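**Student:** This is what each chain is made of:
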Amino acid sequence: MHYHPLTEEDREEMLRAIGVRSFEDLLQSIPAQLRVKKLSLPEATSELELRRELESLGRENQNTKTLLSFLGAGSYEHFIPAALPQLLSRNEFYTAYTPYQPEASQGSLQTIFEYQSLITELTGMDVSNASHYDGATSLAEAGILALRHTGRRKLLIARSVHPHFRGVLQAYLEAADFTLEEFGFEKDGRFRKGEFEKLFTEDVGGVIFQTPNFLGVVEDLEGVAEKVHQAGALLILCTNPLSLGVLRAPGEWGADLAVGEGQVLGIPMNFGGPYLGFFAASRELVRKIPGRLAGMTIDQEGRRAFVLTLQAREQHIRRERASSNICTNQALCALAGCIYLTLLGKEGIREAGELNLDRANYLRKEIGSIKGFKIDSAPVFNEFVVRSEKPFSQIASRLAGEGILPGLDLSHFYPELKGAFLVCATETKTKVDLDRFVKALSRA
Amino acid sequence: MLIDSDSKLSFEKSRPGRKGTRLPKDRCLKDPLKLLPDSLRRRTPAPLPELTEPEAVRHFVNLSKKNFSIDTHFYPLGSCSMKYNPKVNEWAAGLESFSLVHPLQPEEGAQGWLRIFYELENYLKEITGMDRFTLQPAAGAQGELCGMMMVRAFHASRGEVKRKKVLVPDSSHGTNPATAALLGYEVVQIQSNKRGRVDLEDLQKCLDDKTACLMLTNPNTLGLFENDILKITEMVHKAGALLYYDGANFNALLGIARPGDMGFDIVHLNLHKTFSTPHGGGGPGSGPVGVKKKLEAFLPVPLVEKKGGKFFLKEDQPQTIGRLKSFQGQAGMILRAFVYIRTLGLSGLNQVSEDAVLNANYLKEKLKKAFPVAVDEPCMHEFVLSAQFAEAKGIHALDIGKRLLDYGFHAPTVHFPLVVPDALMIEPTETESKETLDRFCEAMLQIRREIDSNPEVIKRAPHSLPIRRPDEVLAARRPILTYRDWLRENSDSDRHYEAALQSKAEAIPH
Chain A
1 MHYHPLTEED REEMLRAIGV RSFEDLLQSI PAQLRVKKLS LPEATSELEL
51 RRELESLGRE NQNTKTLLSF LGAGSYEHFI PAALPQLLSR NEFYTAYTPY
101 QPEASQGSLQ TIFEYQSLIT ELTGMDVSNA SHYDGATSLA EAGILALRHT
151 GRRKLLIARS VHPHFRGVLQ AYLEAADFTL EEFGFEKDGR FRKGEFEKLF
201 TEDVGGVIFQ TPNFLGVVED LEGVAEKVHQ AGALLILCTN PLSLGVLRAP
251 GEWGADLAVG EGQVLGIPMN FGGPYLGFFA ASRELVRKIP GRLAGMTIDQ
301 EGRRAFVLTL QAREQHIRRE RASSNICTNQ ALCALAGCIY LTLLGKEGIR
351 EAGELNLDRA NYLRKEIGSI KGFKIDSAPV FNEFVVRSEK PFSQIASRLA
401 GEGILPGLDL SHFYPELKGA FLVCATETKT KVDLDRFVKA LSRA
Chain B
1 MLIDSDSKLS FEKSRPGRKG TRLPKDRCLK DPLKLLPDSL RRRTPAPLPE
51 LTEPEAVRHF VNLSKKNFSI DTHFYPLGSC SMKYNPKVNE WAAGLESFSL
101 VHPLQPEEGA QGWLRIFYEL ENYLKEITGM DRFTLQPAAG AQGELCGMMM
151 VRAFHASRGE VKRKKVLVPD SSHGTNPATA ALLGYEVVQI QSNKRGRVDL
201 EDLQKCLDDK TACLMLTNPN TLGLFENDIL KITEMVHKAG ALLYYDGANF
251 NALLGIARPG DMGFDIVHLN LHKTFSTPHG GGGPGSGPVG VKKKLEAFLP
301 VPLVEKKGGK FFLKEDQPQT IGRLKSFQGQ AGMILRAFVY IRTLGLSGLN
351 QVSEDAVLNA NYLKEKLKKA FPVAVDEPCM HEFVLSAQFA EAKGIHALDI
401 GKRLLDYGFH APTVHFPLVV PDALMIEPTE TESKETLDRF CEAMLQIRRE
451 IDSNPEVIKR APHSLPIRRP DEVLAARRPI LTYRDWLREN SDSDRHYEAA
501 LQSKAEAIPH
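Residue numbers (our numbering), protein chains in the order written: chain A, 1 to 444; chain B, 1 to 510.
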């Protein structure tokens, strides 16, 4: 097998060196009845044949090159500079191990440090960890931290937070016997203030908003942080990091924890993963945050050096008293985010934000002028809700014939939003694309 | 100089006005920013670094050259299975027909992806002897969380609410007790016997009607197969508890034995260990979880199923533990593992564990005279040595690991498992040649000689890498976790650095 260097000669020599007659002699500890007779698996395939098979399998997928897609809902099509995948494919990056030996891992450790720095600057927070699996699990860890920190047992969450995020949070909280309560949203997608205030009782340890929320609306959180802090609770904001070049950042809103999905930072949609959960916090919480942290120090000769630090929070040291059980995280995805933000830079992140605002707002305006379609007026970033008289399934099948994917049927996640669908337009769309979509909708 | 010693951050190389990429200049609307009310806009611009593309590329490429990696070095890390990461896997993951697919793509347009999920699940079922798999968990630790959530749900469904204890061997990986504790279980450690296996008497003592689960790795972290495994699973089931298999060491058993046949109820696998997906410097991984029929109802959603020749995602699982992450799972890693299994085929997969076990026993034989083996018996894919004897010279396993770096090898796992003093856990894997193993032995034997003749060179190692030993105490005492932290420290004064530099003259940090 071309990945296995041992030759027959090697094997014989090695068995002799070990002092056994055959390989079987090494398996004496295994009860005979457990020995596998023969696994039912296909035989080896040559690379040539396997590649043809994979290309054929790939053709059974629709992708953003074969379709003009306006589907967002937590996974987004964005421009990825060509330099990024090339840098990620440096063998020393992607085939490296976790940087537990700092002297052999300064490359990885410095990029983690830069990633942490970039996330804190972007979110306006004090500290960031080295990543979580994705936005949803990042939120789950933030929720648990808030409850442990305040000693309370309930979290309050906006219903307009991504349904998957809420689902994962629910699963994690149930496991630890905590509770989660929801407050709803107005017709235009903004959170329901009255309901939030009513449900925000003394037993709530943390409140969670997403902005832009799942419905694309940029939330007005004026006064929320003060109210939450007065009650001794923590404010957790889920956000889209790519929007933070133009939108008010979590730190500027007074958040204690900022989490979200970093897939938008140079990571392809990849049918759902691997993605990037970022996790940022205010300074007071640094010793409680889960996950890896890279810190700067000096070595024996006074050189700048990077190391994993505050490891006493982690499972390999604290075992059952660890703040989380996370071991492997999303290092290479965090590197992608780091490279992406570095290439975009101070100007680029602002321009990207502006482009997304431009494309989506133009599209929303144009769709709003089609008979039979209604839009709202709440501020949006790159996604928005459209209400249609015709059922979405009809629209979708008509547009599929024209090679267009119009968005997400919202009733799939929100039964109360029948007749509404979610449309996303990022900087990847040209005016020509948008006009083509509008024309197709008007004919649907 | 081949390795750039510059450790300047991108922020420090930044110059106002530089850009690393160019975005479209056209706008559909006149002033899109004006659409946002003032109160919703960013207050101060995010001060991201400003570098041109060539500067950024040089910055990152030079950083990469400061790393060890499996494509450049041998990593004898125990329980990590640092095997070769095949390039055809990367090729497949890079195909746009896979990477540019949205996770919520209507199912008729995602049949390629769904088939990959479905077929991988089938391969994993066959390989492990389990009945159903979820491919959703993002890593081994999340697989453990998934498994333990199902243990909880299983017992709850039978009204067995008293079962609040989880048993783990004292040689277990840290994620086992950490996961159990996250779910509010009381963690009880089972002792190892003189032969490094689970002490059956201790196990019997700890098993009662309050036990929810026993979490085991087999072979264990000493590289030894639990020969009494059938007895163990019988004992645990008799007490009404479940058995969880931590698949970190599964590289020893491909085609040799299956956890499902041993009696395990839940199994997690690490695709980034046994199934060759790259470590990426710390992830992404993937931790699929397999279960026996009696736990199927509790699996997280969605699951992938087939009906009438078409694949689909099933969300309707009334007793599910819920959802563990957004969307379906670490699809990119699932694809890589699928390609790996198809490339190896039956004969290749059978050879994996054979060569892994042979390599480990060969290394053990050649090293055991110089470094005592924790348990001198035929091992599986890994084994543990002890460097305790070197304590007299003030040398610990950690130092030996550091000295190995000078010889061009990544350190083995050090100071784990905790049951062996000054442990060196070594796992060569099947993708290393005999020549590499021989060179590694030479280096280890040379270090053995250095322990006697020149202990200082070990205590001060490594000598030949981009940095010497970093001050980890300082790093934890005054955490500098961002560029902003560093600016603050520096403006506070260079005093701190001067003071730290002075104290470098004495103690060697451990």
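It is worth saying that the hints were derived from the structure and are not from the lab. Owing to the predicted nature of the structure, the values given are computational and were not obtained by experimental measurement. Treat each hint with caution, since some may be false.
Under the rule of at most 25 Å between Cα atoms (straight-line distance), these lysine-lysine pairs were calculated in the DSS-like manner [what the hints assert, rightly or not]:
#1 B:K25 - A:K65
#2 B:K30 - B:K13
#3 B:K125 - B:K30
#4 B:K231 - A:K37
#5 A:K365 - B:K293
**Student:** Evaluate each hint against the coordinates.
**Tutor:** Results for each hint:
Taken as a hint, the K25 (chain B) and K65 (chain A) pair is honoured in the structure, with Cα atoms around 22 Å apart against an allowance of 25 Å. For the hint pairing K30 (chain B) with K13 (chain B), the CA-to-CA distance comes to about 35 Å; that exceeds 25 Å, so the pair is violated. The suggested pairing of K125 (chain B) with K30 (chain B) is violated, with an alpha-carbon distance near 57 Å, which exceeds 25 Å. With a C-alpha separation of about 22 Å, the suggested pair K231 (chain B) and K37 (chain A) falls inside the 25 Å cut-off, and the hint holds.
In summary, the hint linking K365 (chain A) to K293 (chain B) is not supported, as the alpha carbons are separated by about 53 Å, beyond the 25 Å threshold.
Hint compliance for this structure: hints 2, 3, 5 are broken, all remaining hints hold.
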